[in-house]
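Assemble the whole structure, with the sequences as input and the hints as a guide.
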Amino acid sequence: MVFFTIFNQVLVLFLLMGTGYILAKKNKLDKPCADQLTFLLCYIIMPCVIFSAFQVDFDPVMFHNLLIVAAMTVLIHFGFILAAHLLFNKKTAPSDTERCMLRFSSIYSNCGFMGFPLLSTLIGMQGVFYGSVYNGFFGIFLWTHGFLLYAHRLDFRAVLRVLVNPNIIVIAIGIPLYINSVHLPLSLTLAMQHLAELNTALSMLVIGATMTNLPLSDLFSNPRIWFCVLLRNFIFPGIVLCSLHALRINQDLLLSLTILSACPTAGVAVLFARLTGKDPVFPGKALALSTLLSLISMPLLIGAAKSM
Numbered sequence: 001m002v003f004f005t006i007f008n009q010v011l012v013l014f015l016l017m018g019t020g021y022i023l024a025k026k027n028k029l030d031k032p033c034a035d036q037l038t039f040l041l042c043y044i045i046m047p048c049v050i051f052s053a054f055q056v057d058f059d060p061v062m063f064h065n066l067l068i069v070a071a072m073t074v075l076i077h078f079g080f081i082l083a084a085h086l087l088f089n090k091k092t093a094p095s096d097t098e099r100c101m102l103r104f105s106s107i108y109s110n111c112g113f114m115g116f117p118l119l120s121t122l123i124g125m126q127g128v129f130y131g132s133v134y135n136g137f138f139g140i141f142l143w144t145h146g147f148l149l150y151a152h153r154l155d156f157r158a159v160l161r162v163l164v165n166p167n168i169i170v171i172a173i174g175i176p177l178y179i180n181s182v183h184l185p186l187s188l189t190l191a192m193q194h195l196a197e198l199n200t201a202l203s204m205l206v207i208g209a210t211m212t213n214l215p216l217s218d219l220f221s222n223p224r225i226w227f228c229v230l231l232r233n234f235i236f237p238g239i240v241l242c243s244l245h246a247l248r249i250n251q252d253l254l255l256s257l258t259i260l261s262a263c264p265t266a267g268v269a270v271l272f273a274r275l276t277g278k279d280p281v282f283p284g285k286a287l288a289l290s291t292l293l294s295l296i297s298m299p300l301l302i303g304a305a306k307s308m
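Here the numbering used here is used: the first residue of the sequence shown is 1, the next is one more, and so on.
Derived by calculation from the structure, the hints in this document are not laboratory data.
All values derive from a computational prediction rather than experimental measurement.
Backbone N, C-alpha and C define an ideal beta-carbon position, used for all residues, glycine too.
One thing to keep in mind: the hints can contain errors.
Capping the alpha-carbon separation at 20 Å, the derived lysine to aspartate or glutamate pairs in EDC-like fashion look like this [stated by the list, open to error]:
#: 1; residue 1: K278; residue 2: D96
#: 2; residue 1: K31; residue 2: D279
#: 3; residue 1: K25; residue 2: D35
#: 4; residue 1: K306; residue 2: D252
#: 5; residue 1: K278; residue 2: E98
The calculated label-pair distances, taken between Cβ atoms and stated as ranges, are [unchecked claim]:
#: 6; residue 1: S181; residue 2: V281; range: 44 to 54 Å
#: 7; residue 1: G18; residue 2: L163; range: 52 to 62 Å
#: 8; residue 1: N27; residue 2: E197; range: 23 to 33 Å
#: 9; residue 1: N89; residue 2: A191; range: 49 to 59 Å
Here it is, written out as C-alpha cells:
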C-alpha cells in the first residue's frame with residue numbers, strides 16, 4: 001500500500017514532466033521560455049519555499065534535528081565523492097571527460113526540483129525545513145567539487161556565486177529569524193507562500209521541457225551509464241537509508257534524507273557541460289535514464305524508509 005501511494009505521488013510529478021515535454025515538443029514552451037522559468041524557480045520561487053519553512057516558532061528539537069541534517073549532508077556527500085572516485089577510475093572509465101561526468105552524475109541528485117515537492121507532499125513544511133538545510137550544503141559541494149570535476153580548476157567566482165546565491169542567503173537570514181521566532185508581516189508571508197506553491201508544477205514542467213533535447217534512441221546502450229545510474233538511483237541512497245536506520249535517526253529525518261539522496265541525477269550535469277565547453281549529450285543520457293528509472297527507485301526507497 002505504501003509503495004503504491006508513493007508511486008502515485010511520483011507518477012504525478014512525471015505527468016507534470018510529460019506536460020512540459022509535450023508543450024516543448026509543440027514549441028509552446030521553447031528554450032528561452034524554459035530558461036526564464038528556470039531563473040524564476042531558482043532565484044524567486046525556491047528562495048520563497050526555503051524561507052517559508054523557517055517562518056515557524058523556535059523548537060529545540062527541530063533545531064537539534066537541523067544540526068543532524070547538516071552533519072549528515074556533509075557525511076553523505078563525502079561518502080558519495082569517495083565511492084565515485086574509487087569506482088570510476090582510469091581503468092573503468094578511460095576517457096577523462098566521461099570519467100568526470102560519470103562521477104558527477106552518480107554523486108549529485110536533483111534534490112531541489114524533485115526533492116522539495118516530495119518533501120512537501122509526504123512530510124509537509126517540516127520536511128521542507130530539513131530539505132532547506134540539505135540543499136544549502138549540497139550547493140556548496142555542487143559549486144566547488146562538482147564544478148571542479150568539469151572545469152579541472154577551482155573557479156573562485158563560482159564559489160562566490162554560491163555565497164551570494166539567493167537560496168544560501170535566505171538560509172543565512174532564515175535560521176537566525178527561526179532561532180529568535182521572528183516572523184515577517186502576514187501580507188509578506190502570504191505572498192511568499194503563494195509563490196512557493198508554484199514550485200512543484202513549474203519545476204516539473206521545466207524538467208520535462210529539457211528532456212526533448214536528449215537522444216533517447218540510444219539511451220540504453222552504454223553500460224557505464226547504466227552503472228552510474230544504478231549507483232545514483234539505488235545503491236547510494238540504499239546505503240544512506242541503511243546507515244541512517246542503523247544510527248536510529250528519527251523517522252522524519254530518515255525519510256527526508258532518503259528522499260533527497262534518492263532523487264535522480266541533477267539537471268545541472270548538462271548545464272556544467274555547456275558551461276565548460278564539453279559535449280552535453282553524455283550527461284544528458286545519464287540524466288534521462290536516471291529520471292526515468294526514478295519512477296521505480298524512488299517509490300521503493302521511500303516506501304522502505306516509511307516502513308522502518
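Structure-based check of each hint:
no., hint, in the structure
1, K278 x D96, "holds (11 Å)"
2, K31 x D279, "holds (18 Å)"
3, K25 x D35, "holds (16 Å)"
4, K306 x D252, "holds (9 Å)"
5, K278 x E98, "holds (10 Å)"
6, S181 x V281: 44 to 54 Å, "holds (50 Å)"
7, G18 x L163: 52 to 62 Å, "violated (37 Å)"
8, N27 x E197: 23 to 33 Å, "holds (28 Å)"
9, N89 x A191: 49 to 59 Å, "holds (51 Å)"
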